[in-house]
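K.L.:
So the chains spell out like this:
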Amino acid sequence: MIEEQPKTKIEVKDLLERVEKFFKDGFRLTIVTCTKIEGNYELTYSFDKDYSFQSIRMTIPAGKDIPSISGIYWGAFIYENEIHDLFGIKVNGMNVDYKGNLYKTAIKYPFSVDTTKEVDPCQSKQ
Amino acid sequence: MPKQTVIPFGPQHPVLPEPIHLDLVLEDEKVVDVLPSIGYVHRGLEKLVEKREFPEYVYVAERICGICSFIHGLAYVQGVEAIMNIEVPDRAEYLRTIWSEYSRLHSHLLWLGLFADGMGFESLFMNSWRLREKILDVLEETTGGRVIQGTCKVGGVRRDIAGETLDRMIKDLEEMQGELKDVTNVFLKDSAVKHRLKNVGILTKKEAYELGAVGPTARGSGVDIDLRKTGYAAYGKLNFEPVVEAGGDCYSRCSVRVKELFTSIDIIKQAAKKIPDGPIETKITGNPDGEYFSRVEQPRGELVHYVKGNGTRHLARSRVRTPTFTNVPPLVKMLTGCELADVPIIVLSIDPCIGCCER
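So the sequence lines, in the order shown, correspond to chains B and R. No gaps in the numbering here: position 55 of the first sequence is 54 in numbering that gives the first Met the number 0, and each next residue is one more. No gaps in the numbering here: position 6 of the second sequence is 5 in numbering that gives the first Met the number 0, and each next residue is one more.
Do not rely on the hints blindly, as some may be mistaken.
Covered stretches of chain B, going by a simulated chain R footprint (3 or more residues, C-beta under 8 Å) [to be verified]:
1) 7 to 18
2) 55 to 65
Straight line, CA to CA, 25 Å or less: simulated BS3-like cross-link-like pairs of lysine-lysine [said to hold, decoys possible]:
3) B:6 <-> R:204
4) B:23 <-> R:258
5) R:258 <-> R:133
6) R:46 <-> B:63
7) R:205 <-> B:20
8) R:205 <-> B:48
9) R:46 <-> B:103
10) B:12 <-> B:63
11) R:180 <-> R:272
12) R:46 <-> B:107
13) B:20 <-> R:204
14) B:35 <-> R:46
15) B:6 <-> R:46
16) B:23 <-> R:204
17) R:332 <-> B:48
18) B:98 <-> R:332
19) R:272 <-> B:107
20) R:332 <-> B:35
21) R:50 <-> B:48
22) R:204 <-> B:48
23) R:133 <-> B:20
24) R:50 <-> B:103
25) B:89 <-> R:205
Rather than coming from a laboratory, the hints here were simulated on the basis of the structure. For each residue, glycine too, the CB sits at the ideal point set by N, CA and C.
Construct all of the structure, not just a fragment, from the sequences and the given hints.
P.N.:
So this is what it looks like as structure tokens:
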């Protein structure tokens with residue numbers, strides 16, 4: 000069983016308007032995903048209604064801020080704080096802002112660092 | 000304005016073995032505001048996808064949680080299979096369903112025990128865990144592992160269950176149903192338990208839906224969401240209805256889990272009777288190139304594994320959204336307005352799994 004999962008590309012300026020529409024149409028926020036792709040960040044906001052799964056996606060360069068959707072979906076603060084702490088993306092206007100203290104990590108913004116070429120300590124020969 | 004006091008709750012608390020911290024703002028004994036904090040055990044397992052080849056990563060996915068490990072493995076492999084268009088043999092789909100439901104039984108019985116312990120009901124705690132042992136024995140016998148099963152793989156499963164073993168499993172479950180009824184009747188009918196749980200930690204249907212509640216937390220507030228209805232694995236070929244309660248309180252959330260035990264037994268019985276003969280795995284060639292949000296129903300609710308492949312042996316991204324993660328904002332709403340003495344039982348009522356949540 001493979002679900003249909005349509006994704007629509009949007010610009011940052013359209014984010015709040017699109018999310019507001021999902022909220023008004025009765026969708027629930029399912030997941031917010033961030034992926035680092037060649038120096039840019041791909042942010043995907045996914046929603047569900049009656050098992051219909053839909054996403055909007057925007058790509059931003061490193062260092063660019065994004066607006067918070069927690070004014071629309073109150074519970075989004077948990078996703079947004081996580082994205083800030085793991086990727087270093089600043090989210091403006093969060094209803095609950097942990098100011099970088101949701102996760103305590105040894106490396107700052109660990110998911111923004113490319114470790115693919117580093118030797119895996121578990122698999123390196125002694 | 001009344002004097003406010005901030006009481007720290009957790010990350011180490013006698014009732015709650017999970018590392019979550021709550022700053023409870025109190026006016027007298029009433030909680031007026033809550034700030035939850037997690038992050039004590041963040042492991043960064045998602046990042047490990049860069050260091051493990053995609054067939055190996057299932058071992059990491061299974062270790063995200065020590066309770067519903069099988070379902071984590073299942074969600075991950077279903078994501079990869081969707082990207083690679085792999086058709087999994089029917090028998091493997093039924094076996095995955097059976098082990099998923101055994102995981103649900105063991106998780107719910109574990110939770111019922113902890114919940115009883117949270118209420119100070121020691122004998123109920125021990126009886127719940129006594130029954131759970133029988134479920135773990137079956138998991139150990141059929142998969143080789145009590146906690147980490149390790150049977151899911153991309154393209155199918157690693158182990159089969161013989162026909163006579165399936166017959167015995169059905170017989171054992173039928174025998175267990177009577178004992179289960181005795182124990183669960185205490186949760187649903189005992190006046191002391193009802194007094195402790197009714198009208199405590201209210202979450203309305205609207206709040207549950209808009210705040211993203213999932214699983215028994217959502218269904219206990221009347222929100223009918225159960226990802227098994229999407230028909231993944233063999234669920235589409237079996238008859239069952241999600242358990243939904245309208246109360247929105249701790250009692251309703253408990254009631255959903257209690258009734259789901261019997262639904263799980265029924266699903267296992269149906270699956271064991273309908274399971275077709277045939278292979279249990281299919282050969283995998285190539286590498287995943289594409290993306291998929293794999294969604295399954297864990298004992299705590301909807302679990303999402305986002306998998307993105309780039310045509311190599313290593314995935315570009317694995318992202319896991321666990322049910323506890325999305326049940327944290329609803330928990331804040333439940334706690335606001337409650338009495339301080341009710342905080343532990345309300346926190347337990349969402350069945351928090353912080354190890355899973357932090358990945």
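K.L.:
Hint by hint, say whether it matches the structure.
P.N.:
The hints, checked one at a time:
1. With 0 residues having a Cβ less than 8 Å from any Cβ of chain R, the region 7 to 18 of chain B misses the three-residue criterion, and the hint is violated.
2. For the region 55 to 65 of chain B, the proposed coverage by chain R is not satisfied: 0 residues have a C-beta within less than 8 Å of a C-beta in that chain, short of the threshold of three.
3. Note on residue 6 (chain B) and residue 204 (chain R): the hinted pairing is violated, with a Cα-Cα distance of about 28 Å set against a maximum of 25 Å.
4. Proximity of residue 23 (chain B) to residue 258 (chain R) is assessed by CA-CA distance (about 33 Å); at most 25 Å being required, the pair is judged violated.
5. This hinted pair checks out: residue 258 (chain R) and residue 133 (chain R) have alpha carbons roughly 18 Å apart, not beyond 25 Å.
6. With a C-alpha separation of about 22 Å, the suggested pair residue 46 (chain R) and residue 63 (chain B) falls inside the 25 Å cut-off, and the hint holds.
7. Between residue 205 (chain R) and residue 20 (chain B) the alpha-carbon distance is near 17 Å, which keeps this suggested pair within the 25 Å criterion.
8. For the proposed pair residue 205 (chain R) and residue 48 (chain B), the alpha carbon gap of about 14 Å is at most 25 Å, so the pair holds.
9. A threshold of 25 Å between alpha carbons decides the hint, and for residue 46 (chain R) with residue 103 (chain B) the separation of about 16 Å falls inside it, so the pair holds.
10. At most 25 Å may separate the alpha-carbon atoms for a hinted pair to count; residue 12 (chain B) and residue 63 (chain B) meet this at roughly 12 Å.
11. Our distance criterion of 25 Å between C-alpha atoms is met by residue 180 (chain R) and residue 272 (chain R), whose separation comes to about 23 Å.
12. Annotation: proposed proximity of residue 46 (chain R) to residue 107 (chain B) holds, straight-line Cα distance about 14 Å (limit 25 Å).
13. Distance hint between residue 20 (chain B) and residue 204 (chain R) is fulfilled; the C-alpha atoms sit about 20 Å from each other, no more than 25 Å.
14. A threshold of 25 Å between alpha carbons decides the hint, and for residue 35 (chain B) with residue 46 (chain R) the separation of about 11 Å falls inside it, so the pair holds.
15. With a CA separation close to 24 Å, the supplied pair residue 6 (chain B) and residue 46 (chain R) stays within the 25 Å bound.
16. For the hint pairing residue 23 (chain B) with residue 204 (chain R), the CA-to-CA distance comes to about 16 Å; that is within 25 Å, so the pair holds.
17. Annotation: proposed proximity of residue 332 (chain R) to residue 48 (chain B) holds, straight-line Cα distance about 22 Å (limit 25 Å).
18. Using a Cα cut-off of 25 Å, the hinted pair residue 98 (chain B) and residue 332 (chain R) holds, with the two alpha carbons roughly 22 Å apart.
19. Between the alpha carbons of residue 272 (chain R) and residue 107 (chain B) the distance comes to roughly 53 Å, so the proposed pair goes past 25 Å and is violated.
20. Only pairs whose Cα atoms come within 25 Å are accepted, and residue 332 (chain R) paired with residue 35 (chain B) is rejected, the gap being roughly 33 Å.
21. Between residue 50 (chain R) and residue 48 (chain B) the alpha-carbon distance is near 35 Å, which puts this suggested pair outside the 25 Å criterion.
22. With a C-alpha separation of about 15 Å, the suggested pair residue 204 (chain R) and residue 48 (chain B) falls inside the 25 Å cut-off, and the hint holds.
23. With a C-alpha separation of about 49 Å, the suggested pairing of residue 133 (chain R) with residue 20 (chain B) is violated against the 25 Å cut-off.
24. As the CA atoms of residue 50 (chain R) and residue 103 (chain B) are separated by approximately 22 Å, the hinted pair is consistent with the 25 Å bound.
25. About 30 Å separates the Cα atoms of residue 89 (chain B) and residue 205 (chain R), which puts this hinted pair outside 25 Å; it is violated.
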